[in-house]
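Student: Sequence:
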Amino acid sequence: MYAADVFGSTTTQLPPPTMSGVKTFSFLDYFVFCSLMLTSAVIGVYFAFFAKQKQNTTKEYLMGGKNMGIFPITMSLVASYISGVSLLGVPAEIYTFGTQYGVIIIAEVLVCVLCSYVFMPVFYKLQLYSSFEYLRMRYDNSVRLFLSVLYCLMTILYTPLIIYIPSLAFSQVSGINLYVVAVATCAICIFYTSLGGLKAVVWTDTVQSFAMILGVVAVTVLGTMDVGGVGVVLDRAAASNRLEFFNLDPNPLVRHTFWTVVIGNFFMWLSHIAANQAILQRCLALPTVGKARRALISLSIGISLFVVFSVYSGLVIYAKYHDCDPVYSQAIRKVDQILPYTVMDLANSVPGFPGIFIAGVFSAALSSMSTMLNSMSGVILQDFIRPLWGQRPLSELAASTIMKTIVVLIGSLCVAMTLIVDRLGAIIQVSRTLSGITAGASLGIFVLGMTVPWLNAKGVLYGGIASLFSAGFVAFGSQHALRSGTLRFANRPLSVDGCLYDFPATNATLNHEAVEEAFWVFRISYLYLTVVGFVTMAVVATIVTWITGPNDLSKMNPDLFSPYVQFLFPKKQQIPTDEANGVELKLLQKAAEAGE
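Counting the sequence shown from 1 gives a position; this note's numbering is that position plus 53.
No wet-lab data here; the hints were simulated from the structure. Any given hint could be a false lead.
Simulated crosslink set (DSSO-like; lysine-lysine; CA at most 30 Å straight-line) [said to hold, decoys possible]: (1) Lys608 with Lys511; (2) Lys624 with Lys178; (3) Lys511 with Lys178; (4) Lys178 with Lys608; (5) Lys624 with Lys511; (6) Lys608 with Lys624; (7) Lys178 with Lys344.
For each label pair, taking beta carbons as the anchor points, the in silico distance ranges come out as [unchecked claim]: (8) Phe620 with Ala240: 51 to 61 Å; (9) Asp193 with Leu267: 42 to 52 Å; (10) Ile600 with Leu287: 53 to 63 Å; (11) Leu287 with Gly551: 17 to 27 Å; (12) Phe124 with Gly525: 33 to 43 Å; (13) Ser88 with Leu606: 57 to 67 Å; (14) Ala240 with Leu267: 20 to 30 Å; (15) Leu287 with Pro623: 52 to 62 Å; (16) Leu441 with Phe529: 31 to 41 Å; (17) Leu563 with Leu301: 43 to 53 Å; (18) Val236 with Asn304: 42 to 52 Å; (19) Tyr83 with Leu553: 24 to 34 Å; (20) Tyr83 with Val274: 17 to 27 Å; (21) Leu267 with Phe622: 31 to 41 Å.
All residues carry an ideal CB built from backbone N, CA and C; glycine is no exception.
All chains, full assembly: derive it from the sequences and hints.
Tutor: Take a look at the structure:
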């Protein structure tokens, strides 16, 4: 592992972390951690074997019987948002680069409100098990297949990141091999997800979310007390120029500004909410669209509070290590380890605190992993297996068995892929880059499909392919530039003048100046990847649509579009294929309900 993994170049190889005398896991910590893992497993067993409604039908396994409550669904949505990547990555980001990332709150609140009123009513009216079934009705099977494959591929690539982060944290504080930790804990996640379906996922998310919240709050409170109060935290942050929220530089080549964070994350989060199978499943598990809307609004409140605590915890960590950077002094080997390192450093004051925190980190990761596995099992069943099955009936028991098998197989593959994650750089940027490659295409196909009825299937298909190439070109080019050293970001000031322990001499640079030798396209902020993909998709889709002939609105089914564009359709619409369209819609809904 390289010191430059923290900042984006490769120079000097570092030894394994020494922890420098920091405390390791105690019996009480192991007890707290294992208790949470056991609780998650028990919940899966309960919903699989002892609940009144067994998870043996598609409706029960994917939608929880459509009778879930707002509270568990909201907590599940929040827990899915707070992945291990966010829990450890955001404080590390603030510690290294400052608070500008914190204005992501604005984008996330806007997206939740927009989706609850503009896009969710469409999915709720159709009541489909897979969001990609919508694409068959709006466009054709080719578009549906294109995005389904893309979703499954990116989920398989992204899930190992989610697994790696908590495994790294646990390995650091316990000394147990990282990959042993990953296999053992993920086996529990695969177990309860495959057995218990959506209800097990939602209720384990609810339990786990309290561990996450408790862990984050404990870090901020104990850390603030340790450094001498909120005033000390803010003073040290201000002295190092870390307090920045309104850098209004419009230059898209600047890594983080107010505009890149707000605009970039707006498009990114719009793709995650408006075109996301996992979000759709949870919202459709609620009995009314009003409750689904309230769940999304509650989600915006929950994630806003999480971001506030995460940003502040990053400042607390800097205040604690303002004169002895743990990465440069080789106490840890990656900046993403700095939060668990801080927890262990504070462990003497509260027995069991490390166990609670690491349990919270794993809770965040397992909730995201279980969400992805459950949603992808539904996508693979509805979009691949059922169409291949043809006209032959597929029983509900067979369907649920297939989905459980998919969870086990995909989960095992994702665990195996954690072997490559350790070679990547700062986890927040890597995760956002990976998501951004496909987010533009997905966002364009769904959102423009619901709001621009003229776009046809050929247009969005070619637009989606062009979007992948453009976003992928920028993403892979920028990652190569970071690894080669032709692109490097200037970090906020760090120091080792106050270190009370000896550490080996190193040629690594503590405070980096920006390096901008890469081609300008590769210097576009990684947060704009979704914007690049979306704009490319919209332009190409529009051009191809007008060349091949736009859709005739008089032949379109208005139910497939957002309520806010209904005025575009003829007031006295006589659809020539009205009966066929209506019958097709009803048949699809009935087929989804009956699993035929």
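Student: Now look at each hint and say whether the structure bears it out.
Tutor: To see whether the hints hold, each was checked on the structure:
no.: 1; hint: Lys608 with Lys511; verdict: 17 Å, holds
no.: 2; hint: Lys624 with Lys178; verdict: 20 Å, holds
no.: 3; hint: Lys511 with Lys178; verdict: 26 Å, holds
no.: 4; hint: Lys178 with Lys608; verdict: 20 Å, holds
no.: 5; hint: Lys624 with Lys511; verdict: 27 Å, holds
no.: 6; hint: Lys608 with Lys624; verdict: 13 Å, holds
no.: 7; hint: Lys178 with Lys344; verdict: 14 Å, holds
no.: 8; hint: Phe620 with Ala240: 51 to 61 Å; verdict: 53 Å, holds
no.: 9; hint: Asp193 with Leu267: 42 to 52 Å; verdict: 49 Å, holds
no.: 10; hint: Ile600 with Leu287: 53 to 63 Å; verdict: 57 Å, holds
no.: 11; hint: Leu287 with Gly551: 17 to 27 Å; verdict: 19 Å, holds
no.: 12; hint: Phe124 with Gly525: 33 to 43 Å; verdict: 40 Å, holds
no.: 13; hint: Ser88 with Leu606: 57 to 67 Å; verdict: 58 Å, holds
no.: 14; hint: Ala240 with Leu267: 20 to 30 Å; verdict: 25 Å, holds
no.: 15; hint: Leu287 with Pro623: 52 to 62 Å; verdict: 60 Å, holds
no.: 16; hint: Leu441 with Phe529: 31 to 41 Å; verdict: 33 Å, holds
no.: 17; hint: Leu563 with Leu301: 43 to 53 Å; verdict: 29 Å, violated
no.: 18; hint: Val236 with Asn304: 42 to 52 Å; verdict: 45 Å, holds
no.: 19; hint: Tyr83 with Leu553: 24 to 34 Å; verdict: 29 Å, holds
no.: 20; hint: Tyr83 with Val274: 17 to 27 Å; verdict: 23 Å, holds
no.: 21; hint: Leu267 with Phe622: 31 to 41 Å; verdict: 51 Å, violated
Going through the hint list in order, the structure does not satisfy hints 17, 21.
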